[in-house]
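Chains A and B supply the protein sequences, listed in that same order.
Count the first sequence with the UniProt record's numbering and you get residues 1 to 173, in order.
Count the second sequence with the UniProt record's numbering and you get residues 1 to 173, in order.
Keep in mind the hints are simulated off the structure, nothing from the lab.
No copy is singled out in the list; a pair is fine if it fits within one copy or between any two copies.
Pairs of lysine-lysine, BS3-like flavour, derived with a Cα cap of 27 Å:
(1) Lys-106 - Lys-84
(2) Lys-106 - Lys-172
(3) Lys-106 - Lys-10
(4) Lys-150 - Lys-133
(5) Lys-106 - Lys-28
(6) Lys-10 - Lys-119
(7) Lys-34 - Lys-142
Predicted model only: the values in this text are computed from it and were never measured.
Chain residues, written in single-letter form:
Number of protein chains: 2
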Amino acid sequence: MNFKVRAARKEDCKEISRMIMELAVYEKMADQVKTSHEELERDGFSPNPFYECLIAEVPDEHKTKDGYTVVGYALYFYTYSTWKGRSVYMEDLYVMPDFRGKGIGKGLMAKVAQVGVEKQCVRLQLSVLEWNKPSLDFYIAKGAEDLTAKEGWHFLRFDGQTLDTLAKEAPKD
Amino acid sequence: MNFKVRAARKEDCKEISRMIMELAVYEKMADQVKTSHEELERDGFSPNPFYECLIAEVPDEHKTKDGYTVVGYALYFYTYSTWKGRSVYMEDLYVMPDFRGKGIGKGLMAKVAQVGVEKQCVRLQLSVLEWNKPSLDFYIAKGAEDLTAKEGWHFLRFDGQTLDTLAKEAPKD
Chain A
1 MNFKVRAARK
11 EDCKEISRMI
21 MELAVYEKMA
31 DQVKTSHEEL
41 ERDGFSPNPF
51 YECLIAEVPD
61 EHKTKDGYTV
71 VGYALYFYTY
81 STWKGRSVYM
91 EDLYVMPDFR
101 GKGIGKGLMA
111 KVAQVGVEKQ
121 CVRLQLSVLE
131 WNKPSLDFYI
141 AKGAEDLTAK
151 EGWHFLRFDG
161 QTLDTLAKEA
171 PKD
Chain B
1 MNFKVRAARK
11 EDCKEISRMI
21 MELAVYEKMA
31 DQVKTSHEEL
41 ERDGFSPNPF
51 YECLIAEVPD
61 EHKTKDGYTV
71 VGYALYFYTY
81 STWKGRSVYM
91 EDLYVMPDFR
101 GKGIGKGLMA
111 KVAQVGVEKQ
121 CVRLQLSVLE
131 WNKPSLDFYI
141 AKGAEDLTAK
151 EGWHFLRFDG
161 QTLDTLAKEA
171 PKD
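The following block holds chain A by itself, in its conformation from the complex (with noise of 0.2 Å):
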């Protein structure tokens, strides 16, 4: 199937909601989704944007039943490395479940090491649940390093509360 993979527009906001809600709902977490349209315009479309997006666009004559052409996404943000540098980080991977097997999933993950390259990023990395097998060996069958089972890294988070009141102690200025 033919398909093609662009940079998303401020305009494909509505596109790429849609298709985070499915995959929340897909995981059984969509009342965790608190992200509008809206934020997603204003955070990847205004100067110094939070993020960049690419999404994959099949032909009209392939749209889904609800009319859908864009099937896919992939959004992404730079990180660094004080040892090595600049990095492309990819939040998200996604195609909707009828364009699987197709090549565009791996379509979109390359054009974001391709993207990363050209800023000279020098690793392109994510994070995957360990219960999710498929998704953990489509990327290390990829060539991905597993850090965590390799090296013992662990992810940690403040939200909420525990955030609130970390910020509250900051010495003053």
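Here the structure of chain A is known, so what remains is to put chain B in place on it, guided by the hints.
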């Protein structure tokens, strides 16, 4: 001990570079550091910077025997959750050994949290090696959740040849 936490300026990059190396030496990984202070200047102090940095300074009377008054840093950048929105990620937190146990590390981290909250970030995230028990305990004591232990998040990386190969497989525009 009095100390001040402030945003790093371009001219602080030599000091930041020195401390990045100190941290790597402590971890017996000094040969892994490939960034120079020139790269830190370029990547942190141009439009759309790849990172931001805070430094901790002590008054002249507490300077080290080598004459340093910049004794710690926290390097961070912004990331994005498609479910929750803006987040801040703390890549490095370092305080010189003679200045530990004085609240400087906590002050730097709290300031990162404050800067993040001011930018409407809903999370402060970071990664720790599981064998680094003192650090892990420090963050957990401050309220961080260990998402690798709790939810099974694994951290994956493409770099070097695997990144190049992937980038070359990107679909044509």
